[in-house]
Structure formats: structure tokens, C-alpha cells
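2 protein chains.
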Amino acid sequence: MVGAILVKDGERIGEGYHTKFGAAHAEVEAIKNATASPEGATLYVTLEPCCHQGKTGPCTEAIIEAGISKVIVAVRDPSEKVSGKGIGALREAGIEVEVGLLEKDARELNRFFFTYHEKKRPFVTLKAAISLDGKIAEAPGEQTALTGMPAQRYLHGLRHEHQAILVGAGTVLTDNPHLGVRHVEGRDPLRVVLTGLRKLPKTLAIFRDENVLLLSDKNIPKVLHELYEKEITSVLVEGGQKIFESFLAAQLVDELQLFLAPTFLGKKAVPFAELKKPLHLKHVHTKTLGKDLLLQAIPEFSAE
Amino acid sequence: MVGAILVKDGERIGEGYHTKFGAAHAEVEAIKNATASPEGATLYVTLEPCCHQGKTGPCTEAIIEAGISKVIVAVRDPSEKVSGKGIGALREAGIEVEVGLLEKDARELNRFFFTYHEKKRPFVTLKAAISLDGKIAEAPGEQTALTGMPAQRYLHGLRHEHQAILVGAGTVLTDNPHLGVRHVEGRDPLRVVLTGLRKLPKTLAIFRDENVLLLSDKNIPKVLHELYEKEITSVLVEGGQKIFESFLAAQLVDELQLFLAPTFLGKKAVPFAELKKPLHLKHVHTKTLGKDLLLQAIPEFSAE
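Top to bottom, those sequences are chains A and B.
Under my numbering, the first residue of the first sequence is numbered 41, with each subsequent residue one higher.
Under my numbering, the first residue of the second sequence is numbered 41, with each subsequent residue one higher.
No wet-lab data here; the hints were simulated from the structure.
As the structure is a computational prediction, the values presented were derived from the model and not from experiment.
Please note that a few of the clues may not be correct.
[Unchecked claim] Distance ranges between label pairs, derived from CB positions:
id, chain 1, residue 1, chain 2, residue 2, range
1, B, 148, A, 189, 23 to 29 angstroms
2, A, 189, B, 138, 25 to 31 angstroms
3, A, 41, B, 291, 48 to 54 angstroms
4, A, 142, B, 52, 51 to 57 angstroms
Heads up, the beta-carbon is just placed ideally off N, CA and C, and yes, glycines get one too.
Just need the whole structure built from these sequences, with the hints factored in.
As C-alpha cells, this is what we get:
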């Protein structure tokens, strides 16, 4: 997600954004849409301009050819193909380049992409529907419907935003979940199941098409490395308890999306995770979803 | 809390409300403030007009004397002194009376008062500060500060609204709480401690003045009956775990005020209550209080 604005003599003369994969980049769009000559203008862009031939030509060339005299970049591109090289190419052509304006926002905007390149693993979102006593089911091996339709719809939007969903074999065997995107428009993410040594019958709903990946490894860093190698930039971890515990114990959760249902499930119920020590959350945002509540937050162990 | 409006020929000609205990009632205020003669007017009032001499004269007489021809009452007064008698006196004087307009809202407005008279016990609000895994302290006998100042201020407002606060001896001995109203303007409610057989040293903060009531009984209906006899219309139950469990097990909680802190305290922590079966909440309202979240709800076992 990249946007660009062209400014000349204090006036905005053009703007553009990257509408989809394969389409023209934001910088090229801004130059194309300019209502005055871009010569001598300043270009503001949320990500370092690319300098390689991809689906479209290098943006650095388009910027140099347009005669732009200054480029203000929010943040460097973290990918090896570009990082610093785009800025270098512009400076070599005599263009003044500044880096770092609203960098935090720009990183947040593309957090999947930055995590993927900088940490060499997908961005991990942990999603759980929990009761007010932090439980996920009334009893082990039982499926408890906690949340209502507005929360379900929001969840399906989350699934659509992620490239992969990850669950454990226990969840698949207990709930036989669809794990697809149905309540909103969107494509199904890759369904990743950590099977351990368990066998899964091919009649399960997750096997309805080929968009499934079974991994027998239970070591979370290794699992994430495998997803990195498959170019998965984001994964939504949906449970169950053991999977939540493994990701939290490995401190490999970037964001929590907790759906809170207005219920106490009681002492016999299954906890979301049996945490050995307290886990504090920061950057908490909440949202009402019908009868339920969404709480978005970042676990304190993770660097922001 | 009572309000009244006088309407004549489709115009609002007067309004009033009961500003404080001992002051003129809403009906008398509305008549006094009328901008036209109340003769032949319709009076709308949120509670049945009184018919007895209290701190002020009976409202029924004022209404009859003013020549009002119709009275629309939201809800009957539940107290034995008035219930039905006010309406009867008006009808005997030839005034048309309707009862039930927006009754639910009128009852909600004075829920302490209705509960007190109809159930012969105080209205019970259970307040707890809990983590996202429903825990109240990191370990037994330990005090864990979960919530921030905005939640504290809100809590002190709640205390001010209630006539009494109730806690167990364990809480008093562990936390040595002040249980007063400090972060907002207001008077301290009566501090009720269920002591059981435990002795409390007189150096504790709760003994700073005489506004304390120690009860050795642990039977919740009996405790509430004692408070009823002392004309306590509302009590804020603040813990700890055993006290919460006793009130919930007795199904004697009218409203929950839960402060949710964005933290998981983990498996060794003390649960808010060890519930034997699920407890569902209804009429859930939420509010952000700094880093914390307030969740107000009604437990499903209680009649609305």
C-alpha cells in the first residue's frame, strides 16, 4: 500500500497510489496525473521508490525523467531488491532525497511487508474468541459458539486480509471448521494445519480444495520459516489452546485480535492459554461488534 | 429521581423535577413554574404522585387544587405508603389517570428504589477489576493493581452513587482499603464488612470513623435483609473472590460493573469467581476508561 503526492510552489499538482499488484506504482500515477509540469516539483512518497524492473518499470527512472528535484520518502523499502538502492539511484541523478517523514505510520500501514522482510517471517496475528474469564470452550474437545454474527463478519474480513490461517489438528478434528471467507467478499487464505503426528481424514471441510498446507513440525520458529520460504507475509493464528500457548511462549505474536463474549464460562472451561506468567498488552483498541467486543492489542514482549 | 411536565392545548406550559431529598416534588415544581393556568391541563410524571404528608405536602392535593384534568403516570410508586393510593386519590377527585407510559425507562431510572421496595432488599451492584483471563490478583493474599486512574475515578463515582460498599474480611486484611470517595466529589458510603469469625484490628483504614458496619453472618439473603432493615437501598459489592462467589451463587446480583485491564494474569492467578456453570450477561454496555475498559451488564439469572 503506497501513496505519492507531487507538490510544486506549495500546490498539490498530482497524486497517485498503487491500486493493485501489477498496476502502475504510486509515483508513476502521481506523475501521470499531474495537472502541471512535474519539473522542479517535490515528490512525497510513503515507501522508497523501486529501482528494478518488475511488473512495471523502475520508478526511479520515471522520477528522474520527469525532472523532479526533491523526493521525500517516509521509509526505506525493507526488501533486498530495493533497500537503499532506490534512494541511491535518485541521489546519483542529483535529486535531493529526505527519508523518515511519518516513518512510524508508513511502517504501520505495511506492517505485514516490513515484518516479512525485516524478520524473515510472516506477520503473526493471533485471533481468539474468549469469554470474560478468558476461556475458549465449555469443556475440552467441545466447540462453544461464543460470538455473534457481527464478530463473525469481522473475523472473515481479518481472514481475507491475511495470506494464511493457521490452526492445530485438535481444532480441525473437534470443530471441522471451514476456515474460509464467506460472510464478506474475499478470497480464502491458505489453510495451514500443524498436524503433529495426527492423521486427518480427507473428508474434513479444510480439504475441500488444494489450498491447504499440512505441517508436522511443532517448532514455531521453524513453522514460520517454512511459511516465509513460501512467501507468506501474514498468518492469522486461530487456535486452539496449545497453538496459542506455543506462539505466545515463543513470543512470536505481533498482534492480538480478541473477541470478548459477555459470558463467564466457569471453572471447568478451557482457558485461552495457560500462561506461566502475566502478559501485558499495549496499544489497545476496542470496538463493539453486536453483543461482543473486539479488543486489538500488541503483546508487551513484541517490539512495536 | 422524578420529573413532571404540564401540557395544555398541545403546548408545554410547565416542568419541574425533584432536586433533592426534602425539596418540593416534581409535580409541585411543574405547577409552580407554569407559564399559563394549569386548569384543564395534562400532567406527565415519571412516578405515581404521593398522597401523604412527608417532608412536603401530598402532591395529589396540589394536583387536584390546580384543576388538572388528566395525569399520565409512568409507573406506580412501589412503596407501601403510596402504591396505588396516589392514583386512587386522583381518580376519586374525578381526574383521568393513565399508568404505564415509558414504564421500563422510569423503573430503570429509579432501579435502586424499585428493587428496595419490591424485593425488600438493596439493589446489588457487583464491581470487580479483572484481567482478560478473569483474574483479580496475581496470587492469593496479594494485591494486584490492575486499573489506571480513569477507572479509579469512575469507581469512586460508583461508590458515591451507592449507599453502602460491601467487602469480605480477607480483602480488608490483604489490601487495607480506604473504601472512601476521594477521586471525585462525594460522601463516603457505609462500609459493610462480612467478617465471618475473623477479627479485624482497629488500626485498619476502614475504622477511621464510625461509618462502618461489621456483619458476622455469611448468608447473603440474611445480610441483604439486615441492610434492608437499615434502609440501605443500594450496595456496591467490591470483593474478594469468596464474596463475589457467594453473591453470584445466591443469584443476588442486579448489575455488574467490570473493569477489564488489558493483561492476562496467567494460570497461577486468582479468578474473579470460581463459577460452577456458565454465567451469561445481557444488556452489555462498554466504555473506554484510559487503558482499561468498563463493561456494564446484567447477569442472565436476574429478572430485568
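To see whether the hints hold, each was checked on the structure:
no.: 1; hint: B:148 x A:189: 23 to 29 angstroms; verdict: holds (27 angstroms)
no.: 2; hint: A:189 x B:138: 25 to 31 angstroms; verdict: violated (40 angstroms)
no.: 3; hint: A:41 x B:291: 48 to 54 angstroms; verdict: holds (52 angstroms)
no.: 4; hint: A:142 x B:52: 51 to 57 angstroms; verdict: holds (54 angstroms)
In summary, the one numbered hint that this structure violates is 2.
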